[in-house]
Amino acid sequence: MNIGRFIRNYLLFLIPLAVLTGLTFWMIHNQTMDRVTSELKLESNILAGQVRDQLNLSFGEIHSDLKLLTEHYKLHQLDSLIKPRNVINELQELWISVAEQRARYDQVRFLDAQGQETIRINYSDHKATATPEQKLQSKRHRYYFIEAINTPVGEIWNSLLDLNIERRQIELPLKPTIRFSTRIDRHDGEPDGVIIINYLAKNLLDKFRSVTASYSGHALLLNWQGYSLVSPNAANDWGFMFPDSPQSRISIEHEAAWQATLNEKQGQLLNPKGLYTYNQIDPSGSNTAASDCDSCLWLMLHVPSQLIEVQLWRELSKTIPLLLLSLFLIAIILGVALWHREKRQAHERQIQELNRNISYEHELFLSSPGVIAKLRNEIGWPIEFISSNIEELLDYDADHFASGKVAYSSMIDSEYLEKYTQETLEAENKGSNSFSHSPYLIVGRNNRNRWIQETAHAIRDKLGKLTGFYVHINDVTPLKEAEQRLTQSRDYIQKVVDTIPDPTMVIDINSYELTLINQSALELYNKGQAIDPETTCYRLSHKRSNPCKGQLDPCPIKQIMEKRTAVSVVHKHYDHQGNIIHVDVRATPIFDDSGENIIQIIESHRDITETVEMEKQLQHIAETDRLTQIYNRMKFDEELKNQIAWASLTNNRFGLIMFDLDHFKKINDTYGHDMGDKVLINTVDLLNERIRKSDVLARWGGEEFMIIAPLIDTKELRSLVESLRNAVQQYEHEGVGSITASFGASVVRPSDNIHSLLKRVDSALYESKQKGRNRSTVF
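The C-terminal residue of the sequence shown carries number 857 in the numbering used here, and the numbering is unbroken.
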């Protein structure tokens with residue numbers, strides 16, 4: 079063997095293979111980078127939305143409190159030049175109650191139009207107190223009074239989020255604060271003063287840290303100048319409040335990302351430093367342009383390019399070994415294949431040399447087990463020689479053909495002669511040295527027909543001209559007769575199966591291919607058309623490329639292999655129009671001759687779509703309240719049982735809310751039951767718009783309703799309940815007006831069962847009713 083040629087050929091194949099591997103790695107690298115970046119963008123967008131919603135919710139609660147204080151002020155008719163002290167004292171008591179209940183405002187003040195404090199409530203150590211009149215101060219020159227008194231009526235002004243300063247020193251421990259204010263005018267349209275509340279932002283910043291704690295990158299909360307308020311490096315936070323300390327600003331360190339925030343309120347930016355996701359948050363709730371909002375906060379999520387690269391190579395590390403292993407295996411296989419090819423070619427050259435020294439005719443005759451003949455390439459293919467065993471085939475002895483005038487075509491059945499001639503001419507035109515004819519009939523003495531399988535070898539002269547053929551003639555009559563009997567048997571079985579009205583098919587257990595299918599199945603799954611020979615059961619009925627699996631989609635073949643008996647399953651199939659149908663599949667095993675091994679199964683399919691749909695409708699009717707179209711008490715009891723089991727298993731918490739429409743019987747008595755039904759429906763629609771998608775609303779009975787609120791703590795539950803109560807109170811029902819509702823709620827405890835939780839929530843509702851209704855109680 080020529081070793082040098084082997085190495086040269088091996089390198090010629092190996093170099094393109096290495097180039098192809100490099101291109102494949104480049105494509106995988108780019109695709110993986112795109113996928114990693116897309117996943118980080120999605121994660122960042124989801125987190126940004128959660129943080130934005132959380133902060134906006136907190137600011138919305140502050141706005142509501144400010145409006146409540148404004149209403150208190152107006153109700154006490156203090157918008158006049160003379161303010162009675164007893165009325166001021168009464169208002170102070172109300173504001174003290176608000177400050178203690180909310181526990182998030184450092185100060186609540188009213189400053190008149192000249193900047194003089196009229197009311198100042200201080201909150202400290204969970205207690206709120208009013209400042210005596212002699213200690214009230216003038217704030218007419220303070221910036222927040224000037225900004226607030228010049229803010230249009232009805233709008234809210236807020237200060238920057240900074241650290242509280244007492245006696246010109248930053249208060250310790252640090253107290254992040256935002257001032258919110260609104261102006262109040264007298265009846266004559268002149269300013270009467272402003273209400274200012276100092277919001278303690280520590281809880282807000284703690285929520286920000288909690289929500290962003292598991293983020294893949296860095297989460298930062300910035301002010302309008304790009305200074306960090308919350309960041310992974312706490313030493314850099316509040317730098318603008320400490321001018322003498324080293325300053326760190328996002329607007330300098332990440333200039334491109336910061337410039338993008340000045341042009342739009344939210345978006346994403348991918349540059350060499352990493353992925354940036356940013357959102358503007360306006361505490362005042364106004365729609366101020368990104369570049370004009372000095373009091374706005376900026377949320378910035380940054381995934382450094384180094385982290386992106388780490389995640390990229392973590393993904394690639396799963397692919398590179400396989401790619402290198404594939405390259406190594408292909409190189410080995412290629413080397414082995416080329417080595418064997420070189421050895422084979424060397425052997426072939428040796429054989430060719432030997433063949434030249436051996437008589438071609440002698441070798442041919444000695445190696446053939448059948449009849450051998452030599453035909454001349456003339457009209458009818460005269461027989462020049464034929465072996466003596468021809469008598470066994472045609473009842474003619476070899477001497478009958480000795481004259482060389484008997485044509486081979488005279489023995490071929492006329493029905494097959496034309497095809498035989500065509501195949502011979504095609505082989506001659508192609509220059510083939512050997513070829514085979516399709517089986518054909520040959521006619522012997524007494525018209526006894528035999529099936530022949532023949533192989534022909536071309537004979538050429540020195541100039542390459544075709545002069546004749548050596549033909550190997552084999553009697554395949556027994557095989558053809560057996561084939562005909564099998565075909566007749568299969569046709570009969572097919573006719574029998576086609577009479578079965580249900581779709582029926584026979585499936586190979588190893589390949590899942592259909593070995594037999596009736597016309598009913600073809601009509602249902604394939605428009606009545608024949609299927610390809612290698613079509614599988616799951617490709618035909620499920621219109622997919624993989625077998626059934628799992629408890630929701632059990633494979634009858636696997637069940638039969640385990641149980642070795644007939645099984646029945648319900649599957650979701652697709653008809654030839656792509657419509658979903660539910661099918662009762664009954665499958666029976668087919669054993670081999672030994673009775674031990676299962677080789678096939680026979681399936682019959684029955685369309686039960688109408689039955690399944692009817693069961694779903696009945697299930698929906700059984701679980702749904704007929705009037706409000708929400709869960710009824712039976713379904714609610716089932717959901718509550720599942721929630722308690724889930725909470726016990728996972729240690730997660732959920733809240734349970736019970737509420738009752740106040741004096742609902744009076745509505746029915748006054749306006750009629752039809753109007754009462756509309757009130758119930760409107761109330762359900764109203765609450766469905768305000769609860770979360772994960773919450774479960776159900777009608778408990780009459781005018782009583784229940785809500786399950788998963789993954790919620792007591793503080794969040796109290797906020798949710800109060801917002802629902804306010805929504806019910808503020809809604810105007812046509813023909814009835816506004817109504818109220820009483821609420822009771824509680825968060826599940828580790829020791830709770832259904833009875834104890836319902837009893838506690840019912841007690842909370844009872845307390846709300848005892849205290850005058852239209853209120854909420856959370857235990």
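Derived from the structure by calculation, the hints contain no laboratory data.
A hint or two may mislead.
[To be verified] Under the rule of at most 25 Å between Cα atoms (straight-line distance), these lysine-lysine pairs were calculated in the PhoX-like manner: (1) Lys119 <-> Lys452; (2) Lys650 <-> Lys719; (3) Lys497 <-> Lys508; (4) Lys508 <-> Lys558; (5) Lys627 <-> Lys713; (6) Lys837 <-> Lys713; (7) Lys396 <-> Lys421; (8) Lys285 <-> Lys343; (9) Lys621 <-> Lys650; (10) Lys119 <-> Lys497; (11) Lys452 <-> Lys543; (12) Lys771 <-> Lys713; (13) Lys285 <-> Lys119; (14) Lys280 <-> Lys205; (15) Lys253 <-> Lys849; (16) Lys719 <-> Lys743; (17) Lys605 <-> Lys650; (18) Lys497 <-> Lys421; (19) Lys719 <-> Lys636; (20) Lys152 <-> Lys253; (21) Lys771 <-> Lys744; (22) Lys280 <-> Lys145; (23) Lys719 <-> Lys793; (24) Lys837 <-> Lys847; (25) Lys497 <-> Lys540; (26) Lys793 <-> Lys849; (27) Lys558 <-> Lys543; (28) Lys205 <-> Lys253.
Hints, one by one, checked against the model:
Taken as a hint, the Lys119 and Lys452 pair is broken in the structure, with Cα atoms around 79 Å apart against an allowance of 25 Å. With a CA separation close to 30 Å, the supplied pair Lys650 and Lys719 exceeds the 25 Å bound. With a C-alpha separation of about 17 Å, the suggested pairing of Lys497 with Lys508 holds against the 25 Å cut-off. Restraint check: the Cα-Cα separation between Lys508 and Lys558 comes to about 29 Å, which exceeds 25 Å; the hinted pair is violated.
For a cut-off of 25 Å, the pair hint linking Lys627 to Lys713 is broken: about 30 Å separates their Cα positions. Taking the CA atoms of Lys837 and Lys713, the gap is near 19 Å; set against the 25 Å cutoff, the hint holds. With a C-alpha separation of about 39 Å, the suggested pair Lys396 and Lys421 falls outside the 25 Å cut-off, and the hint is violated. Between Lys285 and Lys343 the CA atoms are separated by roughly 22 Å; this keeps the pair inside 25 Å, and the hint holds.
This hinted pair checks out: Lys621 and Lys650 have alpha carbons roughly 11 Å apart, not beyond 25 Å. Under the criterion of a C-alpha separation no larger than 25 Å, the hint pairing Lys119 with Lys497 is inconsistent with the structure, at around 68 Å. Between Lys452 and Lys543 the alpha-carbon distance is near 16 Å, which keeps this suggested pair within the 25 Å criterion. This hinted pair checks out: Lys771 and Lys713 have alpha carbons roughly 17 Å apart, not beyond 25 Å.
Our distance criterion of 25 Å between C-alpha atoms is met by Lys285 and Lys119, whose separation comes to about 22 Å. Taking the CA atoms of Lys280 and Lys205, the gap is about 18 Å. The hint holds against a cut of 25 Å. With a C-alpha separation of about 37 Å, the suggested pairing of Lys253 with Lys849 is violated against the 25 Å cut-off. The suggested pairing of Lys719 with Lys743 is violated, with an alpha-carbon distance near 31 Å, which exceeds 25 Å.
Distance hint between Lys605 and Lys650 is fulfilled; the C-alpha atoms sit about 18 Å from each other, no more than 25 Å. With a CA separation close to 41 Å, the supplied pair Lys497 and Lys421 exceeds the 25 Å bound. Restraint check: the Cα-Cα separation between Lys719 and Lys636 comes to about 35 Å, which exceeds 25 Å; the hinted pair is violated. For the suggested pair Lys152 and Lys253, the alpha carbons sit about 31 Å apart, so the restraint of at most 25 Å is broken.
A C-alpha spacing of about 33 Å is found between Lys771 and Lys744, which places the hinted pair above 25 Å, so the restraint is violated. Of the supplied pair hints, the one linking Lys280 and Lys145 holds, its CA atoms being roughly 22 Å apart against a limit of 25 Å. Between Lys719 and Lys793 the CA atoms are separated by roughly 24 Å; this keeps the pair inside 25 Å, and the hint holds. Distance hint between Lys837 and Lys847 is fulfilled; the C-alpha atoms sit about 15 Å from each other, no more than 25 Å.
Among the hinted pairs, Lys497 with Lys540 is inconsistent with the structure: their alpha-carbon atoms are about 30 Å apart, more than 25 Å. About 21 Å separates the Cα atoms of Lys793 and Lys849, which keeps this hinted pair within 25 Å; it holds. At most 25 Å may separate the alpha-carbon atoms for a hinted pair to count; Lys558 and Lys543 exceed this at roughly 36 Å. The hinted pair formed by Lys205 and Lys253 meets the criterion: a straight-line CA distance of about 17 Å does not exceed 25 Å.
Checked against the numbered hints listed earlier, the structure breaks hints 1, 2, 4, 5, 7, 10, 15, 16, 18, 19, 20, 21, 25 and 27; every other hint is satisfied.
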